[in-house]
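As given, the protein sequences belong to chains A and B, one line each in that order. If you're matching positions, the first sequence starts at 546 in the working numbering and goes up one per residue. If you're matching positions, the second sequence starts at 546 in the working numbering and goes up one per residue.
Just so you know, the hints here were simulated from the structure itself, not pulled from any lab data. Be aware that one or more of the hints could be misleading.
Any copy, or any two copies together, can satisfy a pair, since identical chains are not distinguished.
[Unchecked claim] No more than 27 angstroms apart at the CA atoms, straight line, and that leaves these computed lysine-lysine pairs for DSS-like:
1) Lys826 to Lys904
2) Lys801 to Lys712
3) Lys801 to Lys842
4) Lys592 to Lys842
Please read all numbers here as calculations on a predicted model, not as lab measurements.
Protein chains: 2
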Amino acid sequence: MDSVNYGLVGIGNTPNSAWPYHYAGTKDNPKINFTSVFDIDLNKGKKLAKLFKLKFYDSFDAMLESDIDAVLVLVPHHAHEEVVVEAAKAGKHILCEKPMATTLEGCDHMIEATKKAGVKFMIAENHRFLPAHQSISDFVKEGFIGNPFMVRTFEGVYETHNINNPKSWKANIEKAGGGALMDMGVHKFATLNWILNDTVDSAYCWLTKQVTDLPEKAEDNAFIFLKYHSGIIIECTLSFTVNSPPSNHLEIYGTKGSLIENHSWKNPIRLYSSKKLDAEKYDGWYLPKINHGPFPKYYLISMGIEDAHFTECVLTDKDPVFKPEDAREAVATALLAYLSAIEGKTTRMDELIDLYKKKGTKSIFEQLPKAIQINTILDK
Amino acid sequence: MDSVNYGLVGIGNTPNSAWPYHYAGTKDNPKINFTSVFDIDLNKGKKLAKLFKLKFYDSFDAMLESDIDAVLVLVPHHAHEEVVVEAAKAGKHILCEKPMATTLEGCDHMIEATKKAGVKFMIAENHRFLPAHQSISDFVKEGFIGNPFMVRTFEGVYETHNINNPKSWKANIEKAGGGALMDMGVHKFATLNWILNDTVDSAYCWLTKQVTDLPEKAEDNAFIFLKYHSGIIIECTLSFTVNSPPSNHLEIYGTKGSLIENHSWKNPIRLYSSKKLDAEKYDGWYLPKINHGPFPKYYLISMGIEDAHFTECVLTDKDPVFKPEDAREAVATALLAYLSAIEGKTTRMDELIDLYKKKGTKSIFEQLPKAIQINTILDK
Numbered sequence: 546m547d548s549v550n551y552g553l554v555g556i557g558n559t560p561n562s563a564w565p566y567h568y569a570g571t572k573d574n575p576k577i578n579f580t581s582v583f584d585i586d587l588n589k590g591k592k593l594a595k596l597f598k599l600k601f602y603d604s605f606d607a608m609l610e611s612d613i614d615a616v617l618v619l620v621p622h623h624a625h626e627e628v629v630v631e632a633a634k635a636g637k638h639i640l641c642e643k644p645m646a647t648t649l650e651g652c653d654h655m656i657e658a659t660k661k662a663g664v665k666f667m668i669a670e671n672h673r674f675l676p677a678h679q680s681i682s683d684f685v686k687e688g689f690i691g692n693p694f695m696v697r698t699f700e701g702v703y704e705t706h707n708i709n710n711p712k713s714w715k716a717n718i719e720k721a722g723g724g725a726l727m728d729m730g731v732h733k734f735a736t737l738n739w740i741l742n743d744t745v746d747s748a749y750c751w752l753t754k755q756v757t758d759l760p761e762k763a764e765d766n767a768f769i770f771l772k773y774h775s776g777i778i779i780e781c782t783l784s785f786t787v788n789s790p791p792s793n794h795l796e797i798y799g800t801k802g803s804l805i806e807n808h809s810w811k812n813p814i815r816l817y818s819s820k821k822l823d824a825e826k827y828d829g830w831y832l833p834k835i836n837h838g839p840f841p842k843y844y845l846i847s848m849g850i851e852d853a854h855f856t857e858c859v860l861t862d863k864d865p866v867f868k869p870e871d872a873r874e875a876v877a878t879a880l881l882a883y884l885s886a887i888e889g890k891t892t893r894m895d896e897l898i899d900l901y902k903k904k905g906t907k908s909i910f911e912q913l914p915k916a917i918q919i920n921t922i923l924d925k
Numbered sequence: 546m547d548s549v550n551y552g553l554v555g556i557g558n559t560p561n562s563a564w565p566y567h568y569a570g571t572k573d574n575p576k577i578n579f580t581s582v583f584d585i586d587l588n589k590g591k592k593l594a595k596l597f598k599l600k601f602y603d604s605f606d607a608m609l610e611s612d613i614d615a616v617l618v619l620v621p622h623h624a625h626e627e628v629v630v631e632a633a634k635a636g637k638h639i640l641c642e643k644p645m646a647t648t649l650e651g652c653d654h655m656i657e658a659t660k661k662a663g664v665k666f667m668i669a670e671n672h673r674f675l676p677a678h679q680s681i682s683d684f685v686k687e688g689f690i691g692n693p694f695m696v697r698t699f700e701g702v703y704e705t706h707n708i709n710n711p712k713s714w715k716a717n718i719e720k721a722g723g724g725a726l727m728d729m730g731v732h733k734f735a736t737l738n739w740i741l742n743d744t745v746d747s748a749y750c751w752l753t754k755q756v757t758d759l760p761e762k763a764e765d766n767a768f769i770f771l772k773y774h775s776g777i778i779i780e781c782t783l784s785f786t787v788n789s790p791p792s793n794h795l796e797i798y799g800t801k802g803s804l805i806e807n808h809s810w811k812n813p814i815r816l817y818s819s820k821k822l823d824a825e826k827y828d829g830w831y832l833p834k835i836n837h838g839p840f841p842k843y844y845l846i847s848m849g850i851e852d853a854h855f856t857e858c859v860l861t862d863k864d865p866v867f868k869p870e871d872a873r874e875a876v877a878t879a880l881l882a883y884l885s886a887i888e889g890k891t892t893r894m895d896e897l898i899d900l901y902k903k904k905g906t907k908s909i910f911e912q913l914p915k916a917i918q919i920n921t922i923l924d925k
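In isolation and in its complexed conformation, chain A is listed as follows:
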């Protein structure tokens, strides 16, 4: 087999879905063929199938019975579990958008089903494949900043229209599994766990609702402290209401230096280190050359690399470097932060695992509305 034929599930949310970035990021890769599509919204699906020259199926089963090798899952978060399990049963390899699922129950069900079926399964965590993050991971591992002890990280986007739209599943508690924290937090947690080679011990979280009064919607903004097992402290702010171009920053402070990343810089990394590096220097900071471009370019770059990696794993029968267990840990971290907001205290991962065993993590979403601080400030 020289290339992989993919069927798309859930293209209908385009242009808000991840599809256009997958499309544009892989169009020059001869090993990736997007051939087919199914969407529950038949009209939207047909229209987009025509636009992107895909074969349209009016049922998921029918598409799964076709000759596709793999599926790319683009449905709303709450539907990932069902779609992935069904595709696994049909023996298809699966690349599924983040977050893996909205519950740990869902994650474990998906892991079990894909293992049993022996199919390749990866969550499309593009931040894990971003060249800037790969460089940061390398610099940390090679000791350029000594031992990391503190991280500050931020993502801010403008989703006000979706949050105020009852028909949009964005920030819908049931369908999205939460708001800014679940949606953007998993990017941060998957990336940081990998770069820091560690996982979260405990979390504290504030959630706020500043632009909507729709009861079915979760937080617009989330403010999180994480403590890793090694003692590293992370500050993470996630916002759906930032009224300026998309912002994505990461600062890692170590005993022997600092790493500053800003995705809207053309050169996204600045490194302060006593170790010598073959890179341009400015004001004492190294500016390594990295394949990058402000949004949306870095999404095309990272998704192109991510999709190529998964495709290569299918073609050569290797396990993807971003494992389902890693994606599950990112979901667990988001759920832990929600639990902390509900309990109003610093909460340990042990407590989340206990809750999972006793009544399931889905119970978190029932309690979520009362954990969100309502402090409407935005203009109506």
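We have chain A already, so just place chain B on it with the hints.
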């Protein structure tokens, strides 16, 4: 009177004290004469007096009996109260370094004594007088970013040598009134209260000790969430252990735009707004022209403006714009964050006021050591 004669109290900590910045920032101002000095360390005091061409006094009383008009108080934090009260009794005007005092009791004693004596009294909060902050305050007040709803702010410096030195009063709980939070937090809180025209309702805080195991020392790093009365949420990280050039950032997100400040940029502000502004634009962001320069230049600029303002108030019998009550509020915010760390929960300003009435805020420092997370990561 055309100019003000100042006596310095506590020059001995130079070059670590604020004195060199006051000196360099005011040297071209003919209205400011630093004429005299007293320091408890007579040898250091004499040496510095000679270097800066000042008259040396071997007792504070003797200097207060001289013809100086005002004092500039540079002693360690815990001694501000006694020195200010004594200077007030002698009828001298007082410019005193931050934080005002280490307790609310101390602040109130100082306010009472200076009011009773009828002398001018200002805390030398140079961030309040920084041109970049004045511009930010103007932009916010003029509606350039709509209603602010979220702030992220950071100060990171390298004080590892002082924190590990038992002889240094830096981060000594009793002498400094805490660590990074008390030392740098008051800058942030005084500045934000003014820019946002609001005060803190509640706080949550994590404190960590990463570079020292000296029991008399407080936190190296502090992680704080603040909720203002209006509902604005602030994230504030303060670090004594950042191993790169001094970092000082502020991000204010509003309903109609964003303001990003970085003190190490030559042009310290980027403004995103739909309102028109007569300034250079880059990538959609306005870059207003501001009198600024990376550290240490912005310290000279801000202290020059601050000292000129206080001097003008003395000469024209006007009240300084930065009131002792504002400086007290900044100390109260730091103490509230410490109280939150001790109680392990979000704590309201009401609770701090209660504690103050019942047993005094000095009691906070007795409980502080057990509230600090010990998570040593730094290389020994």
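The hints, checked one at a time:
no. : hint             : verdict
1   : Lys826 to Lys904 : neither (54 angstroms within a copy, 54 angstroms between copies)
2   : Lys801 to Lys712 : between (50 angstroms within a copy, 24 angstroms between copies)
3   : Lys801 to Lys842 : between (32 angstroms within a copy, 25 angstroms between copies)
4   : Lys592 to Lys842 : within (26 angstroms within a copy, 60 angstroms between copies)
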